[in-house]
Every structure is written in C-alpha cells, then in structure tokens.
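Undergrad: Sequence:
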Amino acid sequence: MSISYELDDEALRLAVNLEQRYAAWMDAERLLVPGRLTWKTVSGTDYLYRITNGRGNGRSLGPRSRKTQAQWAAAQTARQTSQTLWPTLLRDGALYRALHLPRIASEAARLLREFDRYGLLGTSLLVVGTNAMAVYEIEARSRFASAAGVDSTSDFDMTWVAAEPRHTTLAATGAAPRTLLEVMKRVDATYTLNTERTFQVRNSHAYEIELLIPKSLEQTLPRNETLRPMPLPEQDWLLPGRRIEHVVCGLDGQPCRLIAPDPRYFALHKLWLANKPTRNPLKRPKDEKQGTLLLSAVAERMPHYALDDTFRDNLPSELVSYFDHWRQTAHT
Numbered sequence: 000m001s002i003s004y005e006l007d008d009e010a011l012r013l014a015v016n017l018e019q020r021y022a023a024w025m026d027a028e029r030l031l032v033p034g035r036l037t038w039k040t041v042s043g044t045d046y047l048y049r050i051t052n053g054r055g056n057g058r059s060l061g062p063r064s065r066k067t068q069a070q071w072a073a074a075q076t077a078r079q080t081s082q083t084l085w086p087t088l089l090r091d092g093a094l095y096r097a098l099h100l101p102r103i104a105s106e107a108a109r110l111l112r113e114f115d116r117y118g119l120l121g122t123s124l125l126v127v128g129t130n131a132m133a134v135y136e137i138e139a140r141s142r143f144a145s146a147a148g149v150d151s152t153s154d155f156d157m158t159w160v161a162a163e164p165r166h167t168t169l170a171a172t173g174a175a176p177r178t179l180l181e182v183m184k185r186v187d188a189t190y191t192l193n194t195e196r197t198f199q200v201r202n203s204h205a206y207e208i209e210l211l212i213p214k215s216l217e218q219t220l221p222r223n224e225t226l227r228p229m230p231l232p233e234q235d236w237l238l239p240g241r242r243i244e245h246v247v248c249g250l251d252g253q254p255c256r257l258i259a260p261d262p263r264y265f266a267l268h269k270l271w272l273a274n275k276p277t278r279n280p281l282k283r284p285k286d287e288k289q290g291t292l293l294l295s296a297v298a299e300r301m302p303h304y305a306l307d308d309t310f311r312d313n314l315p316s317e318l319v320s321y322f323d324h325w326r327q328t329a330h331t
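Here numbering that gives the first Met the number 0 is used: the first residue of the sequence shown is 0, the next is one more, and so on.
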C-alpha cells in the first residue's frame, strides 16, 4: 500500500523548530507550576513565599539567602521566558495550520499541555486511539491517515503507564491538583466524572476523555484517583517497544506534546480491535484501516522500526496472526 501526501522540507523545518521552542516554553512552565513566588517581610526579615491559591495563601521557603534569591531569580526568568515564547509558538501554530501538518482536537491539545506541565506525559499517561495518528504521521513525514480520512475523532483516549505505585498522581510535584480530574478542571471546570462509566470524563460540550489501564499496572493507579479504569490485558500490548514523541497542534493552532506507543504494536492492536467480538461494529472498519495503513507507513517510512522475524518472535501470541496476515498481504 503506497503512502501519499508527503510532508515537504518547509513543513519538516517548521516541525523541528516548533519542537525546540515548545520544549523551552514547557521547561519554563514547569518551574511555575508549584505556584507564584513572592517576598514577605515578617518581623523585619524578608521571607520567600510560594503562593499556591488565588487567596494569597502559601508556604515559606525560608528567609532571604543565596538559595532563596536564586529560586526567586529562576522563577522570574521562567515567567519572562514563558511570556516571550508563547506568542512565537502561536505564530508557528498559524504556519503549522497553513502547511497542513497533522492536528488534533483543540480540547485534546489543551489537556495535553496541562498534563505536560505537571510532568505526567510519558511517565503516567500515554496517548492512544485516533489522536495518536498525528504523531505517527509526523514520524512518517506523510499525511497517510489524513489522506484516507481516518485521522478524526470526537473523543480522547489515554492509557495509564506508571510503572511504580504512587500515593497520589501528582505527589512528586507538590502541586495543588492531586488527581487527573483536578488537572482537567484547570483546563475546563465543566469536566465531570461519568458515574456510570468511571473511566470516562465529559465536559459541557460532551467532549469525552477515557482513561484505560493495562492489567499489569492496575496496582500503580493511586487510590485517591477519581477515574477508575477497568484493567485490560490488551493495553499491556501497547507498553513494549519505542514510543514516539512529537509536538503537534490543535485545530486552533496551539501546540502540545504528544507521546504515543510504538507504532507497530499500536497498529496490530488496532487490527485486533477490529475483530474483537465486543467492539462497536461502527468502529471496526476504521480500526482495520488505521492498523493496515500504519503498518504500511512503518514499512515504507520508518525503517528504524523493524518488521522482521525478531519483532514477530516478541509479539504477544494474540497479535501474531494479525502480523502474519498483514505481512502476507503486503507481499502479494
């Protein structure tokens, strides 16, 4: 199967520049996540305080010293960097749209930026489902999914990938949000848990986010986490291999970082889903097409992802027949 709509050199240069600028902007944003820093004078001594809410409450980081002065200076530099780079990123985003680079729903992009601020992407969360196709298109330097019309979606799927148990989702940052839902509410206060499907969150516009979890990692989900996904053995198939990471833009042109599973395992998982008895019949044709197109893109455009006998030997037994069928079909 041939791949069409190749990204040209101008688009690729923009993608590289966007990733570099976004990384610098996000480094600055993460320094600002724990809260605003300010000096307070108590009994004639200056103390550095971190303000953690809108009411001005916070905690002391200590009296003015070389250490606290350095913390203050770093925060000021980070704030200036963030404010300077964001307009540049928006200009890049406008050009990104004009060059027809892969985009995802603006809602998904906003959520990914917020998850990125709190260091959750790749460490706790991985993007799965149709949104992942954008990052695969950039890696393949081709709009193969867009050309086939299988790159759009009205929901957002993520899977939990933390390898070690955590007391709370955001314990490492010491930040105010303590759960994934609280992070989502920082983006849109109308996101609420679907009490009948506790792995799903919706906002007032009916945009849906679903959290999945591999069976092997069910014990790593924090007990205080609001979302309670059902452990699925097939989600374990998305953990091996080398993940792909790129910066993409939402439909509004605002950038975000997207990390997705190894494209080979993702594609075979899609082919398996297309034949899963309990799968929504309306989704099966799209699953089949996405899986087949992505495997072809890997074979033709991603030589660093081998599709050989060694790869086959390491596949979960449930996926071997789908790989064999694809390989036989691809060579006939």
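If you're looking for bench data, these hints aren't it; they were derived computationally from the structure. Note that the Cβ used here is the ideal one computed from N, Cα and C, for glycine as well. One should not assume that every hint holds.
To be verified - Straight line, CA to CA, 25 Å or less: simulated DSS-like cross-link-like pairs of lysine-lysine:
#, residue 1, residue 2
1, K39, K66
2, K275, K288
3, K282, K184
4, K275, K285
5, K214, K282
Stated by the list, open to error - DEER-style ranges, computed between Cβ atoms:
#, residue 1, residue 2, range
6, E317, W38, 27 to 35 Å
7, P315, N56, 43 to 51 Å
8, T189, R65, 32 to 40 Å
9, L60, R227, 32 to 40 Å
10, S64, D7, 21 to 29 Å
11, A146, R185, 46 to 54 Å
Undergrad: Each of the hints needs a verdict: does it hold here or not?
TA: Going down the list of hints, with the structure as the test:
| no. | hint | in the structure |
| --- | --- | --- |
| 1 | K39 - K66 | 16 Å, holds |
| 2 | K275 - K288 | 15 Å, holds |
| 3 | K282 - K184 | 29 Å, violated |
| 4 | K275 - K285 | 13 Å, holds |
| 5 | K214 - K282 | 23 Å, holds |
| 6 | E317 - W38: 27 to 35 Å | 60 Å, violated |
| 7 | P315 - N56: 43 to 51 Å | 50 Å, holds |
| 8 | T189 - R65: 32 to 40 Å | 45 Å, violated |
| 9 | L60 - R227: 32 to 40 Å | 36 Å, holds |
| 10 | S64 - D7: 21 to 29 Å | 54 Å, violated |
| 11 | A146 - R185: 46 to 54 Å | 36 Å, violated |
Of the hints listed earlier, those the structure fails to meet are numbers 3, 6, 8, 10 and 11, in rising order.
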